[in-house]
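Undergrad: Starting from the known structure of chain F, fit chains G and V onto it as the hints suggest.
Residue numbers (the working numbering), protein chains in the order written: chain F, 1 to 670; chain G, 671 to 855; chain V, 856 to 1072.
Wrong hints could be hidden among the right ones.
[To be verified] For each label pair, taking beta carbons as the anchor points, the in silico distance ranges come out as:
| no. | chain 1 | residue 1 | chain 2 | residue 2 | range |
| --- | --- | --- | --- | --- | --- |
| 1 | G | F706 | F | R420 | 53 to 59 Å |
| 2 | V | M901 | F | Q531 | 48 to 54 Å |
| 3 | F | D526 | G | F706 | 14 to 20 Å |
[Stated by the list, open to error] For lysine-lysine, the following BS3-like pairs were computed, each having C-alpha atoms within a straight-line distance of at most 27 Å:
| no. | chain 1 | residue 1 | chain 2 | residue 2 |
| --- | --- | --- | --- | --- |
| 4 | F | K416 | G | K831 |
| 5 | V | K905 | G | K775 |
| 6 | G | K805 | F | K416 |
| 7 | G | K805 | V | K879 |
| 8 | V | K1072 | G | K726 |
It is worth saying that the hints were derived from the structure and are not from the lab.
We treat Cβ as the ideally placed atom computed from N, Cα and C, and that holds for glycine.
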Amino acid sequence: MLITELGYFALLAAFVLAILQVVLPTIGVMRHQVAWQRLAPSLAWAQFAAMIVSFAALMAGFYYNDFSLVYVAQHSNTLLPWYYKLSATWGGHEGSLLLWMTIMATWCALVSYFSRGLPLSMRARVLVILAAVQMMMLAMLIFTSSPFNRTLPNIPVDGADLNPVLQDFGLIIHPPMLYMGYVGMVVPFAFCMAALWEGRLDAVWTRWSRPWALAAWGFLTIGIALGSWWAYYELGWGGWWFWDPVENASLMPWLAGTALLHSLAVTEKRGVFKAWTIMLAIFSFALSLLGTFLVRSGVITSVHSFAADPTRGLVILVILGIIVGGGLLMFAVRGWRLTVESQYQLISRVSFLVINNAIILIATLVVLLGTLYPIIADAFNLGQVSVGPPYFNALFVPLTWLLLLAMGMGSNIRWKKDNRPLLGVGMVIAASSLVLAAIIAYFVHPSSMLNIGVTLAVSFWVLLWMIVDFRDKTKNAPSMVNGLRQLRLSYWGQQTAHIGVLIAAIGVAFTSSLSIERDVALGPNDTVHVQGYDFTVKDFREVKGSNFDGIQAEVSVTKDGRDVTVLYPEKRTYIISMMPMTEAAIDASLMRDLYVALGEPIAEGSNQWAVRIYVKPLIRWIWLGSIIMALGALISMLDNRYRIKKVKASHKVADTVASTAVPATTLGEK
Amino acid sequence: MKAAQITTAIVLRLISLVLICLLSMTAYAAIDVYDFDSVQQEAQYRGLIEELRCPKCQNQNLAGSDAPIAQDLKQKTYDMVKDGRSDAEIRSYMQERYGDFITYKPPVRPSTWVLWFFPPLLLLFLIAGWFWQSKRRQLVAQGVTNKIVDSPAAALTPAEKAELDRLLSRSNSLDHDVTSTEDKK
Amino acid sequence: MSQSDKTPNKQQDNVQHRKTMNKKQLKVWFLVPLIVFLGLMVMLYMRLGKPTDIVANMALERPVPAFELPLLSDTSRIMTNDNLPDKPFLMNIWGSWCPTCIIEHPFLMELEERGVNLVGINYKDDIGDALSYLNRGGDPFSMSIQDLSGQFALDLGLTGAPETFIVDGDGIIRQHIIGEVNEANWQERIMPCLMVLNEANKNGNSPDPSQVGEACK
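Next comes chain F alone, as it looks inside the complex:
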């Protein structure tokens, strides 16, 4: 097909453009030639156009069943429904890399557009660094993992079909969202590197990079939440997070990104911790690339990993080494100049944010250590052990509690010195939280109150501090409405995101401690009673899809005689791959999920089937909380102090030594 050939050429064009985008503006920067620096944005847009063409071409290849492409032949089939054909574009290694690069080109174009207010030399440098990353990854894509390889001269009659587990709505949204987040982490990285390159000692670039960090983090939050939700209803054993290496690969940049966001806040407001912020920006992107490496190189065992290929792994490793090594080298050579003797009070938001970052970094370390442990054990001959949920939960959960504890007070006290009667307020809040939590935990789960009790206690602690702080901020206003309007969007964003964290934490605690599972044998008209609900199998019937056959059960659910819902779980066999799949039926609601999955008939020819039933309280809170977190990031991003208007050079102030009495906001940046 000609379109797909066009896609390949567009990819090559993008590669050439990336090289140009690296070389030309660099010369422009080094020789102070404005015209050459001005090329950077245009090249970024051109690259974006080329990548869109390339990606669209691959999608067209899937849509029009172009089996002359090896990649299409491996992951598609004429019987596949059209929406899965399109999303199969990112169902395998090569195509998902193409998605990666397309999303990267999109971010670059967006940076190019929104950075028009930046000084040109800085803008050019940022785009150069972005292009450098693109150049290396496009080289890898074109030379080792091209999705445009042909099967000629033999064109297969039909393709091998998409893996049935991937034939699901989750595939359509989870990878794009996740990659938006992964790739987005390159933007704060590029800003930091550009600042180091230019030799800036001020902290203005932190304000420029903060909305980008928020956006990337927001997408990553949604991407991870989607992945968890998808695994929950797809895999059939009720789990929503397994601490699998590939899952961890996405969690680590998220954790580092969270630390980065908080560090950016400090650097922006107080001008301190610049070096830490740069370190975290490098760290977040490094973990993003490391994740890509782990998933595609075959060095760790995972259900999610793409087919392992050590050659590809080597290429990604080299790229990782160059990008992150280069960044850390730059950091080592120039970063130390940014350190400044910072002074801040013990009881201030700054010090709480230091603690916050310490805890988050240790949490990241826990995940990193656990994920890489098989490799470490192999390198130092420490014997084969498996590191899984028991380890991660044992260390990560207490860290989360500590974090929430710090978050309560830390996000609601003054930046510099807080003169309010904190000790008294604190003790009242602590006491009330403990009492409320203990009461609820006792009613809900008297046999094992620890998990729920502690989570509720720290959640109430945070909530009560938020209320105290809110009242404090609005008490001087003439009216409530006025008081609310006075509060900045970044404040609303912060509180929203923190509430999202609380909701997710409570969801996790409740569902881990209170979920009920039953595996029973049910035939027509059999009933089983689980947690107050009655599940009755009404009937079994055959179903047919475009590429599968199966059996569907009708299960009616009642509670105290009243109808709750009717569920239709299915057991399918996909025709091409002959793979059996169970499609669970879920009745989702805010307070609990009812989940029914079909297994196999009990015996050959029996009319009784093995049926799995779950009642999972508050599980939706986990993903709801995540969405609220991302919403918080969005709200923060919209704060107008991040809008950069073109300013004259004379207005820019470099705040050098700390203890700058006047914050940058008031000195002409707007």
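TA: Below, chains G and V without anything else, positioned relative to chain F:
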């Protein structure tokens, strides 16, 4: 030409089988129907099959796997739980036959100390270090203030001092969460 | 570059002085992330290409687990560890349902002709199917034991079929082959090991541990 096409189709089908084995995601977790004597027993069983690893799978626990060996191990776990064995007994039974990797909870022994103890210790070290640093800085800051006062240059005129006081007090009360008039410029 | 370095102010001088004193320390600290990262790169590089499958080898250097199982050809007779051969032998776990066992079978017949002693463990199989399997392809085993429940296989740390264990004259398991036995691993792994074990058995000694370590990898 047709024979070649058919061969290619067969080859691709084999490739897909291989790929499926490599991708090896659970199509479904086999559902076994077991009878338990009590809720605690059932909870013990479920806890164990989530902790024990399937020896033949790409990183799955027994609960989430449908491999034949996972079925056998689940059956064995069920038998032992019904028999009244404790978690520790069942775990050591499995470890004796399959090694340490059969459980997802790494044993706590010198070779895994770095795994279990390094993060918490590092956290304590960081927080203690930061605490000590801020105390030290506060002492140093008091020292620096003295130096500034003694310096011959940079003595402030009363007008300058008033201006400094005004700026300092404004910054102290400036709360970045509340929009101020300056921000609206 | 920034202009801030050039401000001639006594206060700044003091600050600079303090900073300069720690400059060396500072530079060292800033190199730490790079060094840690390079270490990580080296570790990951060395791991590339290595198989990540878990190998269960708990049975090695231990006696064959105790069992009391019926003979396949005559299930009224119960076999125990005492019925196992006194000389080194191969213990092969097989089932008629296992496709790789079918592939492996002709080579086992060849091994029997070469004089290798093979004991078969029929794993979770229907006895009718098992016997017809042996009738069809031939019986390379000096005896076959029926492990219907799979308990014996579990005690051996089995993860699937076919798997083969090499047992020495004293009943200690010395090598564990996961997957089929074929010409390639016969030449590379099994034959050298058997030779060492046979040598030791002939002399009536226990095999020398270092020799075993060398030959039975």
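Undergrad: All hints, please: hold or fail.
TA: Structure-based check of each hint:
1. For F706(G) and R420(F), the Cβ-Cβ distance of about 56 Å falls inside the hinted range of 53 to 59 Å, so the restraint holds.
2. Range check, M901(V) to Q531(F): Cβ separation about 51 Å, and the 48 to 54 Å hint holds.
3. At about 18 Å, the CB distance of D526(F) to F706(G) agrees with the hint of 14 to 20 Å.
4. At roughly 21 Å between alpha-carbon atoms, K416(F) and K831(G) fall within 27 Å of each other, so this suggested pair holds.
5. The straight-line distance between the Cα atoms of K905(V) and K775(G) is roughly 24 Å, inside the 27 Å bound, and the hint therefore holds.
6. The straight-line distance between the Cα atoms of K805(G) and K416(F) is roughly 16 Å, inside the 27 Å bound, and the hint therefore holds.
7. The straight-line distance between the Cα atoms of K805(G) and K879(V) is roughly 23 Å, inside the 27 Å bound, and the hint therefore holds.
8. Straight-line distance between C-alpha atoms of K1072(V) and K726(G) comes to about 21 Å, which keeps the hinted pair within the 27 Å bound.
The structure meets every hint from the earlier list without exception.
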